[in-house]
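Q: Here is what each chain is made of, one letter per residue.
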Amino acid sequence: MNDPGASRIVITGVAGRLGRLLAKKLHRQGGVEIVGIDRRPFEDKPADLIHARVDLRSKRTRDVFRSRRVSALVHLGLMHDPRLSRRVHHEWNVVGTQHLLEYCQHYKVPKVVVLSSAAVYGPRPENSQFLNEDAPLMAAQDDPGAMTLVEADMLTSSFFWKYSEGETVILRPVHILGQVANAPSNWLRMERVPMLMGFDPMIQVIHEEDVVDAIALALAPGIRGIYNVVGPSEVPLSVLVREARKKPFHIPHFAAPLLSKVFWNLGRAPFRGTELAHLRYVCMVDGSRAREDLGFKALRTIKEAVCAAVEHTAH
Amino acid sequence: MLGDTSSRSRWRRILESRFDREFLQKIQALPTRQNEYGYDPFGFHRDEALVAVFIGHILYHYYFRAEVHGTENVPEGRVLLISNHSGQLPFDGLVIGSAMVFDRDPPRVVRSMIERFVPTLPYVSYVLSRWGQIIGTPENCRRLLCDDEMILVFPEGAAGVSKPFSKRYQLQGFGMGFMRLALETRTPIVPVAVIGAEEQAPAFNLKPLAKLMGLPAFPLMPFPPFFPAIPLPSRYRVYFGEPMRFEGDPDQDDDELAPAVTQVRNTIQSMIHLGLKARKHVFW
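Protein chains in written order, with the working numbering: chain D, 1 to 315; chain U, 1 to 284.
In case anyone wonders, no lab produced these hints; they're calculated from the structure. Honestly, I wouldn't trust all of these hints.
[As the list claims (entries may be wrong)] Distance windows between CB atoms, simulated: (1) Val310(D) / Glu115(U): 36 to 44 Å; (2) Leu258(D) / Glu115(U): 57 to 65 Å; (3) Gly173(U) / Arg268(D): 52 to 60 Å; (4) Glu16(U) / Leu259(D): 33 to 41 Å; (5) Val310(D) / Phe204(U): 56 to 64 Å; (6) Pro90(U) / Arg189(D): 37 to 45 Å; (7) Val88(D) / Leu206(U): 53 to 61 Å; (8) Met154(D) / Pro259(U): 36 to 44 Å; (9) Arg245(D) / Leu24(U): 26 to 34 Å; (10) Met154(D) / Asp147(U): 31 to 39 Å; (11) Leu258(D) / Phe223(U): 56 to 64 Å; (12) Gly267(D) / Pro233(U): 41 to 49 Å; (13) Glu72(U) / Lys162(D): 58 to 66 Å; (14) Lys162(D) / Asp253(U): 32 to 40 Å.
This structure is a prediction, so every number in the text was calculated from the model and none was measured. C-beta: ideal position from N, C-alpha, C; glycine also.
Please take these sequences and the hints and turn them into a complete structure.
A: Printed below as a string of C-alpha cells:
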C-alpha cells in the first residue's frame, strides 16, 4: 500500500456510487494508490484504499495533496441535492472545486478529471438535436438550481487554460442510470413515473459502469479537453418508462410546477420541480469527440441501464 | 400517445389496410438509421409516420388533387429542396412531402424545418418529430445532409407563408442560410415551385393588430370562418426543377453569396410563371 513507486489518485465523492465503482475498477487494475475524499462513511471499502473523511470545503483537504505527490485528481464530488440550500451548493460546488483546482495547480498534479454533466447545456426548445462541446451552457437560465453546476464546469474550463502544464479533462455524461441516487434514476424508481402530457422528447441515458469506463479512459496520459459522454442510442422518454415496466402518470405541463412543489412539500416527490424542462425539451449531445479521442463506446444497452436503475435483473 | 402496444398494432393494421402491399413494402424499405427501438436520432419512427402518410394520402390525392411534374429531377443522396412558401397554413410542405412519398420511385422522406417555438406545444412537438420533421437549426441540417437525407427549406420563411393575397406568387426576400449549407456540405439544390397554395386561403394582413400582438402577421379572410383554419380545396401543382450545383466558400459575405441565391430565386420565380401560364383553373 505504501509503495512509493505507485501513482496516487485522489477521488472526491468516493463514497458515492460512482466513486465506489471507480475506486474498485482502479484498484483491480493495480499499480495505483487511491485516496478517497468524502465526508460520508464508506462501507465495504477495499482494505488498502485510504479514506480521508474530510469535508471538501475544509483546509484538511489540502493535506491529502501536500503529504505525497498526487498523479491525478478525479473530482466526482459535485453535488445536486434539492434538499440542500443554494448556499451549501455554492460553497460545495463552486468554492470547493475552486480550492481543489488551486491545490492541483500548486502541487502540480499532472491530471485533473472533473465529472460534470450534459445537463449543463440545459433542455431548451430551440436546442439542436445534438449539442457539441462548444455549445453554450444554458442550464441555469431556467433552472437556478443548476447554477452552481454550470459555474463549476466553467471554472474547470478556465482552469484548462490557466494550468496548461497539466492535463484537464471535463466529462459531460448524459443522464446516468444505475444504483446512483441522481434525478433520472430516482425518476424511474417512482411508483408512477411522471411525464408531461403531450411531451415525449428524445433522451440519452448511460449505464453507470459505462461512465466509470469513460473516467478510466480519461485518466490515460495525453488526454485533455472537454468530452460529452453518450450511451448506446437515443429514445423517447416513454420508451424508458416502458422498459422500466412502469406506468406513466401524465401531468399537464402548466400544472406541473405547482403540483411537483406540492408533492415535494408533502415529501412524496424526489424533485422540487426545477428539472421539469428535461421532461419537455431535448437536451442531447454529440459524443463523437469522446469516441474518437478516448476510444469510448458505451457497452451496456438502454435496457440494462434502465434495469440497473429500477433494480430489476435483466429480462 | 397511441397507447399500449396492442392498441398500437391495431391502429397500424387499420392504417396498413388503406394501402396496397407494394406501396407498404416501399415504405418499409425507406432508408433510415433506426436503432433497436425503431427511432432514428431525430425521433423519426417509420411506423408512427404511417399516420402522416395516411393524412398525406387523403389530402394529396383527394382534397388538393395534386399534379406533380419532375420528381425524376430529385437525385439520390443529400438534397436541399428549395421552395416558395404560401397560403397561410403550411400545407405546401405536406404536399411536397407527399409527392416524394407517392410519386417518386423509390419514395424518400422529406425532412422539413419547423419553427423553434413548435417544441413548446404539447402533442404537436413530439408528433412532428416522429414524422421526421426537425427544428430548423443549421446544425441539425448539416448533420442530416451529411447523412445523405433530403431537407425542405422555405427561404422566405414566415414572410412568405403569411403574405397577403394581393402579393400572390411574388417571391419575398430569400434568406442566405440554405446557400451556406449547400456550399458547406456540397449539396445539390432542387428548386420547387408550388402553384395552388396561395388560393387555399386568400387573406389580407391586418398589420396594426399584428403589430399590437407582436405577431409576424395577422391574416384575415373575407368569408367565414375569417381565420385561415381550413384550406380551400384548390388544386395543387408542384414542379421540381433540375438540380443546381454551386461551389464556393460557405463563409463568404452575404454580398458575395447573393448572386447564387438570386439565381435560385429567379429559377423558382420563372417556374412559377410557367406553371401559372399552364394552369387553366384554380380548382380543377
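Q: Look at each hint and say if it fits the structure.
A: Verification of the supplied hints:
A C-beta distance of roughly 37 Å is found between Val310(D) and Glu115(U), which places it inside the suggested range of 36 to 44 Å. Against the hinted window of 57 to 65 Å, the Cβ-Cβ separation of Leu258(D) and Glu115(U) comes to about 28 Å, which falls outside the hint. Evaluation of the 52 to 60 Å hint for Gly173(U) and Arg268(D) yields a pass: the beta carbon distance comes to about 54 Å. As the Cβ distance of Glu16(U) to Leu259(D) is approximately 39 Å, the hint placing it in 33 to 41 Å holds.
Remark: the range hint 56 to 64 Å for Val310(D) to Phe204(U) is upheld by a beta-carbon distance near 57 Å. Distance hint check: the CB atoms of Pro90(U) and Arg189(D) are about 42 Å apart, consistent with the given range 37 to 45 Å. One distance hint, 53 to 61 Å for the beta-carbon pair Val88(D) and Leu206(U), holds here, with the actual separation near 54 Å. Hint check: Met154(D) to Pro259(U), Cβ distance near 43 Å, so the stated range 36 to 44 Å holds.
Separation of Arg245(D) from Leu24(U) is about 31 Å and conforms to the stated range, judged on CB atoms against 26 to 34 Å. Range check, Met154(D) to Asp147(U): Cβ separation about 32 Å, and the 31 to 39 Å hint holds. The beta-carbon spacing between Leu258(D) and Phe223(U), approximately 43 Å, falls outside the hinted interval of 56 to 64 Å. Distance hint for Gly267(D) and Pro233(U): a CB-CB separation of about 58 Å, inconsistent with the stated range 41 to 49 Å.
Distance hint for Glu72(U) and Lys162(D): a CB-CB separation of about 60 Å, consistent with the stated range 58 to 66 Å. Between Lys162(D) and Asp253(U) the C-beta distance comes to about 36 Å, which sits within the given range of 32 to 40 Å.
The earlier numbered hints that this structure contradicts are 2, 11 and 12.
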